[in-house]
Amino acid sequence: MAGFYSGKEGELLIDGTKVAKVRSFSFSFNQAVLETVSLEDTDRTIIHGTRSYTGSASVYYYQETAGGGAGQLSTLITNIIKTGSGAGDGANAESTAMTFKLRIKDGSTAGRFIEFQAIPTSFGITSAVGEVTAADISFEVNGAPTGLAL
Amino acid sequence: MAVNRNFPSIKPSSRSYIPGTYPQVEFVAQNGAKSVLRYGDKKVDAKLSLGFTNITDSQANEILNLYEEVNSDYDYIFFTSANALAGVNSSSLVNNMAEKDSNGVKLRYRFDGPPSVSSVRPGRSNVQCKFVACLDGD
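Just so you know, the protein sequences line up as chains A and B, in that order. So for the first sequence, numbering that gives the first Met the number 0 puts the first residue at 0; every next one is plus one. So for the second sequence, numbering that gives the first Met the number 0 puts the first residue at 0; every next one is plus one.
No lab work stands behind these hints: they were computed from the structure. Accuracy of the hints is not assured; some may be wrong.
Residues from chain B that face chain A, not an exhaustive set, calculated with beta carbons under 8 Å [said to hold, decoys possible]:
1. Pro-7
2. Pro-11
3. Arg-14
SDA-like, lysine to any residue: derived pairs with alpha carbons at most 20 Å apart [as the list claims (entries may be wrong)]:
4. B/Lys-129 <-> A/Leu-38
5. A/Lys-7 <-> A/Tyr-61
6. A/Lys-81 <-> A/Asn-91
7. B/Lys-46 <-> B/Gly-19
8. B/Lys-46 <-> A/Leu-38
9. B/Lys-99 <-> B/Ala-81
10. B/Lys-129 <-> A/Ser-37
11. B/Lys-129 <-> B/Asn-3
12. B/Lys-129 <-> B/Val-93
Ideal Cβ placement from N, Cα and C applies to all residues, glycine included.
Can you build the whole structure from these sequences, using the hints too?
This is the structure in structure tokens:
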């Protein structure tokens, strides 16, 4: 499929399963640099430091059937928020890291994608009069991406 | 006999130098009058600190090897504008910082404690060195 791509072709998969109603996603790459300037130099010299990747997504809270949960959004919520046995219970299960796949459908089977394991670092869900209930998620990638075909 | 060893050809990222002081003792009377007994006419114990940022591990190892070589035989270190004094344009300032004059070396630099090596990332290290210039009795 030659041409430009828009949000219509975007997909977000969490742990291999497509998230039903995604409003947007974004992904960014950062390269830290280490300075190697020594006395007598006139220009800043640098070498590669560590790479890091962060991203975010905005997902509508969408249920197929009443009481059925919001699919992968619900999976994400239960992976990051762990319940305790009662008030004041401070020792509970760790949050679970998840695999994210950001894909652009281009007509091929696999599409164009980047896949990585990430730890959600913030999550917020908003329900307001006159607005569709949606969740905002930010995440940081653990290690290097495990799949890349962009 | 102590011999002169050149510092490796590594340019520092930071450097500070403090000229030495004259060996003397001061006596201050109750009225504030000061008497000074000076024991020598040469300044001693000049200090030179060098910082090396993000140098390669092999360069860090050259500095550690120098530390070993200088201390095993009580040799001393010679600094020039091609290594630790890089960036000093005035030759007279180089001579002052290297503690030498037309007659040769005035004071002999030695490590003022072991160098500290911090690993930054694979293959790269930060190294901090301190030197003190001594007046040898030989």
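What hints, given by number in increasing order, does this structure fail?
1
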